[in-house]
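**Q** So the protein lines, in turn, are chains A and B.
Numbering of the first sequence is given in the working numbering, commencing with residue 1 and proceeding in unit increments.
Numbering of the second sequence is given in the working numbering, commencing with residue 1 and proceeding in unit increments.
The set of hints was computed from the structure by calculation and includes no laboratory data.
Hints may be right or wrong, so weigh each one.
Selected chain A positions facing chain B (in silico; Cβ < 7 Å) [said to hold, decoys possible]:
| # | residue |
| --- | --- |
| 1 | G55 |
| 2 | R56 |
| 3 | D62 |
| 4 | S64 |
| 5 | Y232 |
| 6 | Q236 |
| 7 | P240 |
| 8 | V241 |
| 9 | K243 |
| 10 | H305 |
Selected chain A positions facing chain B (in silico; Cβ < 10 Å) [as the list claims (entries may be wrong)]:
| # | residue |
| --- | --- |
| 11 | R38 |
| 12 | Q102 |
| 13 | L149 |
| 14 | I171 |
| 15 | H186 |
| 16 | Q190 |
Quick reminder that beta carbons are idealized off the backbone N, C-alpha and C, glycines included.
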Amino acid sequence: MKRALTLSSALLLCSALAAPLGATELRATGDLGVIVERATGSVLIIDQSEHAAIGRIEGLGDLSHASLVFSPDERFAYVFGRDGGLSKIDILSQKIVKRILQSGNSIGGAISDDGKLIAVANYEPGGIKIFDADTLDLVADIPAEGKALGLEDAPGRKFVFSVWDTGETRIVDMSGAEPRITTFAHVGEQPYDALVTDDGRTYIAGLFGEDGLAAIDLWDETPEPRRILPHYGRGQEEMPVYKMPHLEGWAKAGDQIVLPAVHHHEVLWIDSRSLEETGRTETYGQPVFAMARPGGRQVWVNFAHPLNDTVQVIDSMTHQIVGEMKPGPAVLHMEFTSRGTEAWVSVRDENKVVIYDTTTLQPIGEIAAESPSGIFFTARAHRLGL
Amino acid sequence: MRPMRSLAALLILAALPAGAGEITAADATRLSHLVEQDCGSCHGLTRKGGLGSPLTREALDGQDRETLATIILDGMPGSAMPPWRPIMTEEEAYWIADYLLEAEK
Chain A
1 MKRALTLSSA LLLCSALAAP LGATELRATG DLGVIVERAT GSVLIIDQSE HAAIGRIEGL
61 GDLSHASLVF SPDERFAYVF GRDGGLSKID ILSQKIVKRI LQSGNSIGGA ISDDGKLIAV
121 ANYEPGGIKI FDADTLDLVA DIPAEGKALG LEDAPGRKFV FSVWDTGETR IVDMSGAEPR
181 ITTFAHVGEQ PYDALVTDDG RTYIAGLFGE DGLAAIDLWD ETPEPRRILP HYGRGQEEMP
241 VYKMPHLEGW AKAGDQIVLP AVHHHEVLWI DSRSLEETGR TETYGQPVFA MARPGGRQVW
301 VNFAHPLNDT VQVIDSMTHQ IVGEMKPGPA VLHMEFTSRG TEAWVSVRDE NKVVIYDTTT
361 LQPIGEIAAE SPSGIFFTAR AHRLGL
Chain B
1 MRPMRSLAAL LILAALPAGA GEITAADATR LSHLVEQDCG SCHGLTRKGG LGSPLTREAL
61 DGQDRETLAT IILDGMPGSA MPPWRPIMTE EEAYWIADYL LEAEK
């Protein structure tokens with residue numbers, strides 16, 4: 001009798017193993033992530049603790065400059081492609097749930113604080129479109145007279161974006177039945193990207209056409225844009241910018257915000273309350289991303305072409321460079337694990353992602369990826385302005 | 001006029017000693033990679049444009065290589081297009097101009 005039971009359980013076990021893994025095994029998403037493979041229109045699903053890719057989703061279109069956001073349950077990701085594609089992917093079943101072509105040319109998006117709306121910034125035709133996060137049905141279409149960018153979510157079911165050509169910034173309040181839009185006609189020349197601080201209070205747009213940045217206090221009942229660091233490059237020669245800096249990977253280090261300068265090889269430190277400058281650090285090249293290790297103790301910076309083989313680590317208290325690594329040619333992006341123990345660095349031209357220990361600054365792992373660019377871990381689902 | 005000029009350019013190129021600004025096969029691979037990946041940051045991997053204008057053959061129809069090479073080398077004031085002259089030779093800029101005008105994309 002006992003033997004027969006063992007035999008039948010052995011058979012059961014065999015059939016369980018033969019079934020697709022996902023069908024019988026529970027899996028959490030808290031240590032998963034998505035890596036954009038920009039040239040092949042695919043994304044890798046990775047497991048942070050395993051240091052491994054666990055799947056690939058293909059058919060996502062032109063992913064140059066692609067980014068994505070996560071649903072609040074960390075199961076779905078919304079991928080914003082260059083070609084106007086908006087794809088909702090399921091990172092557990094590793095399938096495309098729905099994919100639409102919502103414009104001719106787009107530049108990223110955001111998810112509302114309640115997780116119900118997906119907004120996409122479009123270059124052609126210019127403006128933003130807002131979709132239902134479940135169905136990807138169009139909820140609102142907000143055209144602009146130029147290329148929309150710097151699109152961020154803000155508390156209270158709001159989105160904020162800027163327009164390259166006109167220099168305007170708009171706040172779109174989606175809390176009522178109809179969108180309520182507040183427009184600031186000209187915050188500065190050629191805003192190129194923006195950030196919202198993690199308290200949801202301050203929207204900061206970087207300006208390509210002039211020195212300085214534009215800041216808007218979103219907690220103010222009647223917000224007014226103000227200029228910060230208006231002359232940060234004064235007296236310095238302007239340098240060519242072979243890749244636009246990104247502000248959305250903004251870094252808050254303690255009570256300071258650190259930002260890449262544009263046209264200058266330095267990062268700028270500002271006090272997060274007064275928005276006054278607290279320092280500058282000269283860097284190896286034109287910074288692209290300046291990202292704070294969670295907690296803010298150090299800031300990691302990567303650089304524009306042709307100096308894009310290097311990452312520098314800056315101490316946020318002393319503003320001194322305390323580490324420099326050469327992960328390989330074309331370092332495009334960096335992402336920290338949620339408590340900052342590791343940094344994952346994409347090295348486009350060596351088709352790999354290198355994993356660093358953030359304490360020793362030594363590589364501790366590597367994952368093969370096809371022309372990797374953005375790396376996004378699911379913990380982003382619970383942070384404002386990402 | 002244009003065929004004449006191309007012919008002249010060809011003759012000049014042929015007369016140049018190897019290595020003097022000549023674009024080798026390795027250079028061509030490097031430059032086409034640059035166009036896809038780094039120009040692609042602004043102009044799109046499929047060159048349909050982004051912050052930068054589209055660079056498809058349709059979009060460039062009627063443009064000549066001198067104009068394109070000059071834009072590549074000196075940038076476009078008032079736009080985000082930087083001057084590449086500090087990190088690129090004229091031969092390389094002309095190679096990219098020709099590549100954009102001729103590549104099937």
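**Q** Compare the structure with the hints numbered earlier in the document and write down the numbers of the violated ones, lowest to highest.
**A** 1, 2, 5, 6, 12, 14, 15
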